[in-house]
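Participant: Full structure from sequences and hints, please.
Protein chains: 2
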Amino acid sequence: MKMKQLFDQDTWTYTYVVYDEKTRDAAIIDSVKEQFDRDAAYIKALGLNLKYALETHVHADHITATGQLRNEFGCKVGVSEHGGTNCADIQVTDGQVFKLGEQEIKAIHTPGHTNGDVSYQIEGAVFTGDALLIRACGRTDFQQGDSGVLYESITQKLFTLPDDTVVYPGHDYDGFTSSSIGEEKALNPRLGNNKPKEEFMHIMDTMDLPKPRRIDVAVPGNLVCGLV
Amino acid sequence: MKMKQLFDQDTWTYTYVVYDEKTRDAAIIDSVKEQFDRDAAYIKALGLNLKYALETHVHADHITATGQLRNEFGCKVGVSEHGGTNCADIQVTDGQVFKLGEQEIKAIHTPGHTNGDVSYQIEGAVFTGDALLIRACGRTDFQQGDSGVLYESITQKLFTLPDDTVVYPGHDYDGFTSSSIGEEKALNPRLGNNKPKEEFMHIMDTMDLPKPRRIDVAVPGNLVCGLV
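Note that the protein sequences, when read in sequence, are chains A and B.
The opening residue of the first sequence carries number 4 in our numbering; numbering runs sequentially from there.
The opening residue of the second sequence carries number 4 in our numbering; numbering runs sequentially from there.
One or more of the hints may lead you astray.
Identical chains blur together in the list; that is why a pair holds if it fits in one copy or across any two.
Once the Cα atoms are required to be at most 27 Å apart in a straight line, the calculated DSSO-like pairs of lysine-lysine come out as [stated by the list, open to error]:
id: 1; residue 1: 79; residue 2: 47
id: 2; residue 1: 188; residue 2: 5
id: 3; residue 1: 198; residue 2: 47
id: 4; residue 1: 188; residue 2: 25
id: 5; residue 1: 188; residue 2: 47
id: 6; residue 1: 5; residue 2: 25
id: 7; residue 1: 214; residue 2: 102
id: 8; residue 1: 109; residue 2: 5
id: 9; residue 1: 160; residue 2: 5
id: 10; residue 1: 102; residue 2: 47
id: 11; residue 1: 200; residue 2: 5
id: 12; residue 1: 47; residue 2: 25
These are calculated hints, taken from the structure and not from any lab test.
These figures come from a predicted structure and were not determined experimentally.
Facilitator: Okay, here's the thing in structure tokens:
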């Protein structure tokens with residue numbers, strides 16, 4: 004499996020294009036509406052057959068390009084079955100597998116940032132959206148977020164992957180582009196080093212963060228696959 | 004060899020940390036002075052032994068952190084023998100090899116953006132600085148840049164690497180993080196698809212770009228390894 008990481012500077016969002024080198028079957032994970040032109044041209048230039056436009060969750064900080072990508076490439080849009088979208092072609096379930104040629108993407112339900120987070124695993128790597136970030140994690144104070152649930156998703160699901168699994172997050176605000184399961188197990192200050200659930204929940208539940216400035220536009224926009 | 008790509012948003016610069024997993028011996032390529040604290044903490048947290056701080060060239064757009072890194076970690080600073088720096092511990096020559104445990108970094112002299120550009124090759128990847136960028140290349144109108152020389156460096160040296168070699172550039176201004184030799188041979192609009200040297204030189208020699216806004220600070224700063 005080949006992978007390309009793309010960056011949207013305005014929202015600090017990472018978008019990923021993964022593809023099978025032989026068949027050129029491809030998926031895009033967490034596209035950004037404002038980068039549709041860039042990403043469509045890139046996919047065409049690389050000669051890829053875009054089969055899936057997958058979302059890790061219903062984002063509150065940017066609007067997706069999944070609807071436009073479906074119009075352009077005829078791909079299937081996949082969002083968690085818990086995401087509440089009517090526009091998705093695939094209501095993604097835990098353990099669901101997406102085939103790209105001989106390669107597989109496996110969905111892992113990792114709720115807690117929202118109630119409908121999905122991490123996508125491919126050989127040696129996992130795309131964690133806003134569930135597990137680099138030395139951090141997604142906030143848990145809106146969209147049915149739940150700190151206790153997020154602790155279980157990360158410690159009982161993501162942290163059971165092999166230590167050398169590369170972690171590709173949905174964002175990073177310090178200029179880091181990847182981590183690994185082993186690194187986060189050891190170094191994540193919120194729940195690494197076997198920090199107890201109660202301590203994690205206390206950290207998350209007392210953050211008192213400002214409301215995301217785009218949430219009232221982004222969430223409704225993402226519930227219709229960005230076709231706004 | 005493990006690799007971490009880091010991003011400085013202010014100057015759109017990519018910094019790379021490469022290391023051997025067994026011995027934890029590491030090198031940093033193209034560090035940024037303003038990110039010294041971030042990068043020093045990162046290197047320590049990962050338990051790396053920083054042996055080398057390497058530069059792809061004497062930069063005109065940011066000041067390096069090599070001097071500070073040497074002070075902190077006792078690493079050797081490497082800059083091209085043509086770079087004109089007196090502060091470097093190693094005047095890097097074409098073909099020079101740097102060992103990180105059992106792994107090797109090989110220097111390839113790829114002048115043309117400046118007269119002292121070095122690309123660094125590790126297994127399956129090459130760090131091209133500003134010689135070869137994604138669908139672009141470095142400008143050739145200052146610091147002894149030469150479009151004809153850059154054409155030869157890219158087509159006769161970099162383009163002879165295996166097509167699946169991953170290209171990690173010194174910058175990208177559109178949110179791309181990597182390319183490959185095969186992609187650039189096919190898709191680089193300036194000199195891909197076997198574009199003749201004269202056409203490339205015409206493109207580069209008629210760009211009429213503004214003077215880089217930091218050049219008068221950055222170049223003198225980099226000639227003293229950023230200790231300004």
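Participant: Hint by hint, say whether it matches the structure.
Facilitator: Outcome of the hint check:
With identical chains, the CA atoms of residue 79 and residue 47 are at most 27 Å apart within one copy only, with a shortest distance of 17 Å there and 43 Å across copies. In this assembly of identical chains, residue 188 and residue 5 lie within 27 Å of each other by CA distance both inside one copy and across copies; the values are 26 Å within and 18 Å between. For the homomeric pair residue 198 and residue 47, the shortest alpha-carbon distance between copies (21 Å) is at most 27 Å, but the shortest distance inside one copy (45 Å) is not. Taking the shortest alpha-carbon separations for residue 188 and residue 25, only the inter-copy value of 19 Å comes in at or below 27 Å, while the best intra-copy value is 35 Å.
Taking CA atoms no more than 27 Å apart as the test, residue 188 paired with residue 47 passes between copies only; the shortest distance there is 16 Å, against 38 Å inside one copy. When the C-alpha separation of residue 5 and residue 25 is checked against a cutoff of 27 Å, the pair qualifies both within a copy, at 10 Å, and between copies, at 25 Å. Taking identical chains as interchangeable, the C-alpha atoms of residue 214 and residue 102 are never at most 27 Å apart, the minima being 38 Å within one chain and 49 Å between chains. For the homomeric pair residue 109 and residue 5, the shortest alpha-carbon distances inside one copy (15 Å) and between copies (24 Å) are both at most 27 Å.
Taking CA atoms no more than 27 Å apart as the test, residue 160 paired with residue 5 passes in both settings, with 24 Å inside one copy and 24 Å between copies. In this homomeric assembly, residue 102 and residue 47 come within 27 Å of each other (Cα to Cα) only inside a single copy, at 20 Å, whereas the closest approach across copies is 39 Å. Taking the shortest Cα distances, residue 200 and residue 5 never come within 27 Å of each other, neither inside one copy (36 Å) nor across copies (31 Å). Taking the closest pair of Cα atoms, residue 47 and residue 25 come within 27 Å of each other only inside a single copy of the chain (16 Å); across copies the shortest separation is 40 Å, beyond that limit.
Consistency note: the structure conflicts with the earlier hints numbered 7 and 11.
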